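Engineer: So the protein sequences, as listed, match chains A and B. Per my numbering, the very first residue in the first sequence carries number 5; after that it's consecutive. Per my numbering, the very first residue in the second sequence carries number 5; after that it's consecutive.
Quick caveat, the hints were computed from the structure, so don't treat them as lab data. Heads up, some of the hints might be wrong.
If several chains are the same, the list does not tell them apart, and a pair holds so long as it fits within one copy or across any two.
Result set (DSS-like, lysine-lysine): computed pairs, CA atoms no more than 27 Å apart in a straight line [unchecked claim]: (1) Lys160 - Lys79; (2) Lys347 - Lys52; (3) Lys306 - Lys17; (4) Lys17 - Lys196; (5) Lys17 - Lys134; (6) Lys196 - Lys134; (7) Lys46 - Lys280; (8) Lys46 - Lys347; (9) Lys234 - Lys79; (10) Lys77 - Lys231; (11) Lys79 - Lys308; (12) Lys190 - Lys314; (13) Lys190 - Lys308; (14) Lys306 - Lys52.
Owing to the predicted nature of the structure, the values given are computational and were not obtained by experimental measurement.
2 protein chains.
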Amino acid sequence: MPQHIGDTIFFEKPVTVKSYAAVGGKKEGEGPLAFGFDALFKDNYLGKDTWEMAESALQHKAVELCLQKACHKLKDVSVAFAGDLQAQCTASNYAMRELGVPFIGLYGACSTMAESLGLCAVFCEGGYAKNALAVTSSHFCTAEREFRTPLDYGGKRTPSAQWTATAAGAVLVSACMQETEITKSKNIILIKAATFGRVQDLSVCDINNMGAAMAPAAAATLCRYFKDSKQMPSDFDLIFTGDLGAFGSALLIEVMEREGVILQNHQDCGCLLYSKEKQTVNAGGSGAGCSASVLTSYILPKLKSGELSKVLFVATGALMSQTSFLQGESIPGIAHLVELESKAI
Amino acid sequence: MPQHIGDTIFFEKPVTVKSYAAVGGKKEGEGPLAFGFDALFKDNYLGKDTWEMAESALQHKAVELCLQKACHKLKDVSVAFAGDLQAQCTASNYAMRELGVPFIGLYGACSTMAESLGLCAVFCEGGYAKNALAVTSSHFCTAEREFRTPLDYGGKRTPSAQWTATAAGAVLVSACMQETEITKSKNIILIKAATFGRVQDLSVCDINNMGAAMAPAAAATLCRYFKDSKQMPSDFDLIFTGDLGAFGSALLIEVMEREGVILQNHQDCGCLLYSKEKQTVNAGGSGAGCSASVLTSYILPKLKSGELSKVLFVATGALMSQTSFLQGESIPGIAHLVELESKAI
Chain A
5 MPQHIGDTIF FEKPVTVKSY AAVGGKKEGE GPLAFGFDAL FKDNYLGKDT WEMAESALQH
65 KAVELCLQKA CHKLKDVSVA FAGDLQAQCT ASNYAMRELG VPFIGLYGAC STMAESLGLC
125 AVFCEGGYAK NALAVTSSHF CTAEREFRTP LDYGGKRTPS AQWTATAAGA VLVSACMQET
185 EITKSKNIIL IKAATFGRVQ DLSVCDINNM GAAMAPAAAA TLCRYFKDSK QMPSDFDLIF
245 TGDLGAFGSA LLIEVMEREG VILQNHQDCG CLLYSKEKQT VNAGGSGAGC SASVLTSYIL
305 PKLKSGELSK VLFVATGALM SQTSFLQGES IPGIAHLVEL ESKAI
Chain B
5 MPQHIGDTIF FEKPVTVKSY AAVGGKKEGE GPLAFGFDAL FKDNYLGKDT WEMAESALQH
65 KAVELCLQKA CHKLKDVSVA FAGDLQAQCT ASNYAMRELG VPFIGLYGAC STMAESLGLC
125 AVFCEGGYAK NALAVTSSHF CTAEREFRTP LDYGGKRTPS AQWTATAAGA VLVSACMQET
185 EITKSKNIIL IKAATFGRVQ DLSVCDINNM GAAMAPAAAA TLCRYFKDSK QMPSDFDLIF
245 TGDLGAFGSA LLIEVMEREG VILQNHQDCG CLLYSKEKQT VNAGGSGAGC SASVLTSYIL
305 PKLKSGELSK VLFVATGALM SQTSFLQGES IPGIAHLVEL ESKAI
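Only chain A is shown next, with the shape it has when bound in the complex (with noise of 0.2 Å):
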């Protein structure tokens, strides 16, 4: 049995990541992370009519490659969680069309990933799953079709605006620790930990600064899993948000003092993703794909080298729509938490 203590759900099986790749668009391939992605696009449509099938086939490429590595095939997966930011998650629906997998459909904006890794642990700790698929993107061009002006208007951007990452992740989770030998690593990624969060609205209603919409969530998470856990920053060699920017990470370090917490080893997917300066991103990346690209470009594998051996994986959603933010309502935030550690074996 798992034990379950506050929010936290701590496994007591192991579950492990089994394989993970991170695909991307131009821009990423521009950035200080190419070297760790699996496939780069120059082609932002790769090769489709349309943005948001482009999107899904970011999705179907990541999928493939992750696969691919583990040596398994679509028939291994026992189900699928999913999830990206077009309404009506279509990226992940036509990409699971293709796919043909048993499929749990998920909306947790930019926070997908984390939510989907606890999901897997779950399913894979508990026997529901044998092999469980975790897989999000983002797509600049749908993200700003969907939330914001036609990019042939050519809008302004604030300072604090995010640059959403043409991106997506996949990760393959498993209760098996003996196939993990296929990957002929000498270390494995455990899932220790999982915290779904609770929404939080500090009545932030600016959809240009979703960085402090979404701090309070990761901090609220945070707490809790520290309280959960009995644990502290320290224990970790870093907690990664995902994805806060730069202004939304500062608020982050505030919050968190605040209550107590001092965050010295805390590092954004949102940052880390693109060069700030030689990339004109404003705070940093945002969008479901750029927290899972980030994971599976650069954690996963810092994890799995053992440079990394214990971290955080705070992947933060800011939960508005465009007809939400119309009508003038605030933006809520929510964080969902895994924690990992690298073992050697």
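Dock chain B against the given chain A, drawing on the hints supplied.
Structural biologist: Chain B only, in chain A's frame:
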């Protein structure tokens, strides 16, 4: 450990439906199931400024009544699974902002109630939650704004079009048998199995005939379940789908016949919620709140009273968006299934 055969999870430990509630709008209050609803609102705004916020209020009310009936408080809820049809699932997000419980956001279109019930059962049986909440909603006016033309336009509806229900349903699931006695019933309702569906797409592009787009998904999930469980339709009192409507239901019977399965005990939530004779709903009801409210106002009460003893609840979803429809994409369908049983205590 649960048994996992094919795509179906068989719960070995008892997972019970502890409580449930249905709320609806004006049209639902004039329909044949009105007597089973826990609350009905004559004003589809529910006193809110927007239809979108009214839909959130429907979810909130359904949860409030569901917990009241089980003598539970919000603090007793370990996790809530919720979803709706709005872009970025804002009806759920804003409802969860008020409720403040750990929240896992889902998108499964009209299949969301079965998807969330299956997840609740996994979390409760596996020891990941003590009490898990499933809640879904839809609202006629928010769905028209989301998927079709503005209401004021007064567009004509085709005979195969379905009417999106203004309704929500909430179900509290628990692994604890003893506590169900709070509800002082002679019978308990058990969730015995769940099948998470795979996306099916037979190239239906008509957004006014979603029953046709979803019927193959219902057939596929039913066939998988019958194969995995070695049961047949006659093993059940009734097999409920939601929401195929009149056209989709006829198609389901036809598709199943071609697969060699005769469905004589089938009822569709979309055909049950409204009166075909007295209410203008064309092919029947639809929406994530339709199957949810028929489940909680009609199916679960009949299981609780012992009038029904063994049923399948197969909720179906059409996974397109207005954008994918306008781009000429066909409509992918999905169906998730839960097996429900009434047991005397």
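Engineer: Hint by hint, note whether the structure agrees.
Structural biologist: Now the hints, each set against the structure:
Proximity of Lys160 to Lys79 under the C-alpha cut-off of 27 Å is found in neither arrangement, the shortest distances being 46 Å within a copy and 45 Å between copies. Taking CA atoms no more than 27 Å apart as the test, Lys347 paired with Lys52 passes in neither setting, with 41 Å inside one copy and 53 Å between copies. Taking CA atoms no more than 27 Å apart as the test, Lys306 paired with Lys17 passes inside one copy only; the shortest distance there is 23 Å, against 40 Å between copies. In this assembly of identical chains, Lys17 and Lys196 lie within 27 Å of each other by CA distance both inside one copy and across copies; the values are 9 Å within and 25 Å between.
For the identical chains of this complex, Lys17 and Lys134 are neighbours both inside a copy (13 Å) and across copies (19 Å), given an alpha-carbon limit of 27 Å. In the homo-oligomer, the alpha carbons of Lys196 and Lys134 lie at most 27 Å apart both inside one protomer (17 Å) and across protomers (20 Å), since each shortest distance falls under that limit. Taking CA atoms no more than 27 Å apart as the test, Lys46 paired with Lys280 passes inside one copy only; the shortest distance there is 21 Å, against 54 Å between copies. Taking CA atoms no more than 27 Å apart as the test, Lys46 paired with Lys347 passes in neither setting, with 36 Å inside one copy and 60 Å between copies.
For the identical chains of this complex, Lys234 and Lys79 are inter-copy neighbours only, at 21 Å across copies versus 40 Å inside a copy, given an alpha-carbon limit of 27 Å. Taking the shortest Cα distances, Lys77 and Lys231 sit within 27 Å of each other only across copies (22 Å), while inside one copy they are farther apart (40 Å). Taking the closest pair of Cα atoms, Lys79 and Lys308 come within 27 Å of each other only inside a single copy of the chain (25 Å); across copies the shortest separation is 39 Å, beyond that limit. Only within a single protomer do Lys190 and Lys314 lie at most 27 Å apart by alpha-carbon distance; the minimum there is 16 Å, versus 51 Å between protomers.
In this assembly of identical chains, Lys190 and Lys308 lie within 27 Å of each other by CA distance solely inside one copy; the values are 8 Å within and 54 Å between copies. With identical chains, the CA atoms of Lys306 and Lys52 are never at most 27 Å apart, being 33 Å at best within one copy and 50 Å at best between copies.
Hints 1, 2, 8 and 14 from the earlier list are contradicted by this structure; the remaining hints agree with it.
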